[in-house]
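Colleague: These are the residues of each chain, in order.
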Amino acid sequence: MCSSVARGLPHRCRFWQQRISADHGGVAGAALPFLLRVIRGNRQGLTNGASSVLLSAIMSDQQATTERQTDSPPKRMGLAALAGFLMIFVGIAVYMVMADDPYARWTGWPAFVGMGIGAVLGVLSIAKDRRWWVRGLGGLNVVLLAMFAYAFYFWAQLPDTQSFAALESAPDFTLVNHEGRNVNLKSELTKGPVLLVFYRGFW
Amino acid sequence: MSELRGLGAINDELEKVGGQVLALSVDAPDRSKRDVVRKHKLEFDVLSDPDREVITRYGLMHTDAGMSGDIAVPANILVDRDGRIVWRYTPNRIQERLDPADVMTEVQRLIDRG
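Sequences listed follow chains V and Z, in order. 1 is the number of the first residue of the first sequence in this note's numbering; add one for each residue after it. 1 is the number of the first residue of the second sequence in this note's numbering; add one for each residue after it.
Treat each hint with caution, since some may be false.
Unchecked claim - Stretch by stretch, here's where chain V covers chain Z in the computed footprint (C-beta under 8 Å, at least three residues):
(1) 11-22
(2) 41-47
(3) 52-65
(4) 69-83
(5) 92-102
As the list claims (entries may be wrong) - Partner residues are not named here, just some residues of chain V that face chain Z (Cβ under 7 Å, in silico):
(6) 102
(7) 105
(8) 106
(9) 156
(10) 158
(11) 177
(12) 200
Derived by calculation from the structure, the hints in this document are not laboratory data. Everything numeric in this text was worked out from a predicted model, so none of it was measured. By construction, the Cβ of each residue, glycine as well, lies at the ideal position given by its N, Cα and C atoms.
All chains should be built: construct the whole structure from the sequences, respecting the hints.
Modeller: Written as structure tokens, this is what we have:
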């Protein structure tokens, strides 16, 4: 009992226990281990509160798994996890094909539907199959959806264009056109109004 | 490329009063020619700004834009004969695209004003 508390110092612990029992009889000898147990419990509660909660959750989960195991054998979800993984790429491919449709492009729904199915299949695989590669693949499906969503909303933000917003007149320029001919904005404007379109090119 | 969709009709409308659409990207001229003239059959000029000089002057640089490097923030700028910017548009996200019908409305407003 005592050695489990002062694991590093078992002989000293035993020494105090023996000495107390010798000097003050059975009452103190029984009280010391009890007291130490209370202190130990307190300390764990204070410093490892979160981890003990997590530990008990894991243990109850393990218990549940063992109970489930005795009721019905774990399902084989390998194909579902793989199908979910493929759905992620189907979703991205459909999104790329539909990128010219403004609504699909803006919301990204084809990609999110495909990747959503993939993530759901991934979660189901993790829940029902206990093989490591099925759980890994299922987890990967969920991670890929999260990464895509992050890129879609945050990485796709365009920089602030304050100096552009402050422009009142169009700065003049001369650039070469697709036929290799020079085009000057000012001289083109003498013929009529111009819609200038800056685009990102190549994709 | 999808930024250039629907701009043919707007170019036609501007040509009625002697105007035009001028598109601009960081692509080299041969690349613009292949993509825009052959693939999309556009009838307006597509200009090359490989040094990002004009893009920077307009305050439209998107530095280190993912895998694409330094490219322009997509923008539509309607300029009248005096060089004044009468209407402009820039999206907040790269997935955002302008409805060509909105551009047409602005072009017609400018033409009506004379």
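Colleague: Which hint numbers doesn't this structure obey?
Modeller: Going through the list in order, the structure violates no hint and respects every one.
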